[in-house]
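A.B. asks: Each chain, letter by letter, is given below.
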Amino acid sequence: MTRLQMTRRSLIVTGAGTVATGISGLITPARAKGVEATLSMRGGSNNYRPNAPIVDRIGGGGFWMTGTVRHAGDGAPLAGQRIQIWAHTTEGHERDPQSHGATLTDANGEFRLEMPQIVPAFGQPHGHLAYDSGEFETVFLRPIMANAKDKTLSAHFVLQPA
Amino acid sequence: MSLTRMILIWVALTCAVAVPVLAAAASPYLAWRDPIYILAGFAGIVGMGLLLVQPLLAGGYLPGLSTARSRYLHRCVGAALVAAVVIHVLGLWITSPPDVVDALLFVSPTPFSAWGVIAMWAMFAAALLALLRRRLRVRFRPWRLGHATLALVTVVGSVVHVMLIEGTMEIMSKTALCILVLLASAKTLADMRVWAIQPGRGS
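The listed protein sequences correspond, in order, to chains G and B.
Residue numbers are given in UniProt numbering: position 1 of the first sequence equals residue 1, and the series is strictly consecutive.
Residue numbers are given in UniProt numbering: position 5 of the second sequence equals residue 5, and the series is strictly consecutive.
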């Protein structure tokens, strides 16, 4: 005949095991959902001019727009993706053609484009970025600078196939 | 009221309205803005100044003015306020149409836009109520409560709108003007007891 013997040790072991199982079950494994696609931000596409030319630098430079482009799901970096950038800067309004430019991501999915200093416009110092090349769903971003005197601003894209 | 006191009040009011305008005129950002955008911004700043004068005229607090004169000027300043807001919105529209469309449709990414648009409609409604007062044939006190409520929405909406905006007004003069606008509005509404719509009670 088997008797259920609950010693202090077995209680601690089974108790800890139960708690551990419960907690690990509550934590959603990262692999299950993957990296979610970035959604366009409100107002992101305002004053967009499609097909801005790829440039080494917008205007005189002095300010850096940086960021990354990755694939939704596995988060793999996407190389050679065209990102269009525009803002109200010391050299022009958002709608002005010279305020617009584009750049390509490198092998690590990173991009970096020098542009004139962004200045507050319509109440916030902000920039605009677009992925609009067709292979993936179009995304418009409108990041805000924490401080109007910042010399850099970044924005990150996670794209899903169109 | 002594002449000195009278002069001091008028000088103080002139400073309260003029200093924010002058401070904004010293902004380095102006160098990177088109004239129409600058005009739109200053129309907004002047509007805030008029928003300080309006309750003071309504309450009859400004020295040297008869009640009739105060009321007449209250109408004139009201008309100027409507004009300032129209110039403000039109100027912004010309500068960046999509941003203004977003604001008017309440889908703007900037939280201050909605406050500004709410204040604008409340102000238009207050002005309309003033224009139609005789035709509406409502008693004076209920009419005044309606006009004052819309004015209060205009004031609160405008103050939040202005305080959340970065890059147009200088922060200290902006904050001071906003506090004065709130105080002047609160004092006028309280002194008039606008909520008491039954004549003879509490007045």
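Quick caveat, the hints were computed from the structure, so don't treat them as lab data.
Warning: the hint list may mix true and false statements.
Stated by the list, open to error - In silico lysine-lysine, DSBU-like type, Cα no more than 30 Å apart, as pairs: (1) 174/B <-> 187/B; (2) 151/G <-> 174/B; (3) 187/B <-> 149/G.
A.B. asks: All hints, please: hold or fail.
C.D. replies: How the hints compare with the structure:
1. 174/B <-> 187/B: Satisfied, since the Cα-Cα distance of roughly 20 Å is no more than 30 Å.
2. 151/G <-> 174/B: holds, 26 Å
3. 187/B <-> 149/G: At roughly 39 Å apart (the allowed maximum being 30 Å), residue 149/G and residue 187/B break the hint.
The structure fails hint 3 only (numbered hints given earlier).
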